[in-house]
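Colleague: Single-letter residue listing:
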Amino acid sequence: MMEDTATSGRASWFQATARQRLAGLLDPHSFTEFLGPSERVQSPHLHLFDLPSSFDDGVVIGRGKLDGKDVLVAAQEGQFMGGTFAEVSGAKMVGLVRAARDHKDLPQTVLLLMDSGGVRLQEANAGELAVAELMRAIVQARSAGVAVIALVGGRAGAFGGAGLTTATCSRVVVSGQGRIAVSGPEVIETNEGVEEFDAANKALVWSVDGGKNRRLIGGADAFAEDSMEGFRAAAKAVLAQVPAFDLETMQAEQERLAARQKRLGACDDAVSMWRILGIEDPEAIRDMDGKNFAALANSIKEANHDAR
Amino acid sequence: MQTLRFTHKAKSRLPGKKDEAIIGVVASGNLEILLERVLPGTDCEVEIATPLRGYEETWKAVVAEFVERSSPGGLRISINDGGARPDTVYLRLIQGSALMGAE
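Residue numbers (this note's numbering), protein chains in the order written: chain A, 1 to 308; chain B, 1001 to 1103.
For the record, the hints were derived by calculation from the structure and aren't laboratory data.
Treat the hints loosely; a few may be bogus.
[Said to hold, decoys possible] Computed spacing ranges between beta-carbons, pair by pair: (1) A:P28 x B:A1098: 10 to 20 Å; (2) A:G278 x B:D1019: 56 to 66 Å; (3) B:K1060 x A:E196: 48 to 58 Å; (4) A:T5 x B:E1057: 41 to 51 Å; (5) B:T1058 x A:S8: 26 to 36 Å; (6) B:P1015 x A:L51: 50 to 60 Å.
C-beta atoms are modelled at their ideal positions from N, C-alpha and C, and glycine is treated no differently.
Produce the complete structure using the sequences and hints provided.
Modeller: And the structure:
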C-alpha cells in the first residue's frame, strides 16, 4: 500500500510528510499522538485571511519509542504554510518541551523534526513569541537533564526561528538536503543584493546552508542519509553522546565559535572554508555520497567537538 | 473561505476497525482529509472548507462518485482544501477510506 512505501526504511525523508516521517522514524505502532487532528486544535487566525487551516496546524506531537527507548516527538509539516511557527503550532511544541522539563515520569528525550521557514507572517507576533518561548523551554529542559535533538532534512529546511531553535538543541542531525540558517537565501538577496547571495543558484545555497557544510563547520553533530533508516540511525547515535548542559559546556562552545570565526571569517564561499579545515579535495564534497561524506566529516576536528 | 456540506446514505457501512484516519496535507494543489467513524448506520457526511469559491457542482459530483464506489457508511469526512484538482480529491478520498478499512 502507498503508506507503507512512503514510510519504509529507504523512503526519502525529504519527500515525506510529517506523519510519514514519524511513522518511519519510530518503532512500528509505538506512536501516540497528543492533540490529534480529530480534536481540531487549529489556527484561529487563518480564516480571517481567507486561507485554509489544518486540523493539526502543521505540527504533530506525541510520544513513541526509538529502538525501544521512550521519546517525545514533535514534527513540523513543511508543506503546510512552510511549516511555520504560529499561535497553535508553536504552543504545541512549547507545551511538549515544557512537559518534558516538568514531569520526570515523561520521556526525558525530545526529538524535534524541524521543517520550517520560520514564523508564519499571518500570525507573526504569536509566532515570534512561540520561537522565544520554545528556545527558553529547550534551555530550561536541557538544564533539567532532558536531551533535545533536532532532526533537519525537510523541504523547508530550518530557517528563521527554526534555525535558532535547532541551534539551541543538545544535538543536531542533518541530511545533505537539509538546510540550517537564520535569514533565508531570498531574504539575503532582497536586502543585500544578488551579488551578496544569489538565491536562484541552488548549488551555492546548498553549499552554504546545506547539511554538508553545517556538518563540516560543526553546526550539526551527525550527518544522516536522506531516508527513514538514515535519520533513525543518526538519531540513535547522537542520543548516546548528549553533552552536559553546564557552564563548562557553554564556555567550550563560546571558545569554539570564537576560534571558528577567526579561522573561517574571511572566507567568501564554502569551498575555501573546507580547504582551511584541511580537506584535501574540497571540490569533491558536493558530489560525495552520504557514507563517504559521513566518514570524512567524522575525521575533521572542527566538525567534532564536545561543546553545544 | 467557503464551507460545503453533503449528506449521503451509503449502500452499506464501511468495514474496518479504525476509528479515525488522516491523509494528505493542506498545500497548494493538495488537501487534507480527516475520516471519523462517528455516524450511525449508513449515514455519511462530507464537510469541505475551501478557499476557492464557485466549485460546488464539481465537489458534489466527486463526493457522490466516491460514496457510490466506496460505500463509506458511518463516516464523517472533513476536508481542508488547498486548491486540489478533482482527481486529487477523489484519490485522497479513496486512500482515506482504504486506511479506515484496514485491519
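Colleague: For each hint, tell me whether it holds in the structure or not.
Modeller: A quick look at each hint next to the structure:
| no. | hint | result |
| --- | --- | --- |
| 1 | A:P28 x B:A1098: 10 to 20 Å | holds, 19 Å |
| 2 | A:G278 x B:D1019: 56 to 66 Å | holds, 57 Å |
| 3 | B:K1060 x A:E196: 48 to 58 Å | holds, 52 Å |
| 4 | A:T5 x B:E1057: 41 to 51 Å | violated, 35 Å |
| 5 | B:T1058 x A:S8: 26 to 36 Å | holds, 35 Å |
| 6 | B:P1015 x A:L51: 50 to 60 Å | violated, 37 Å |
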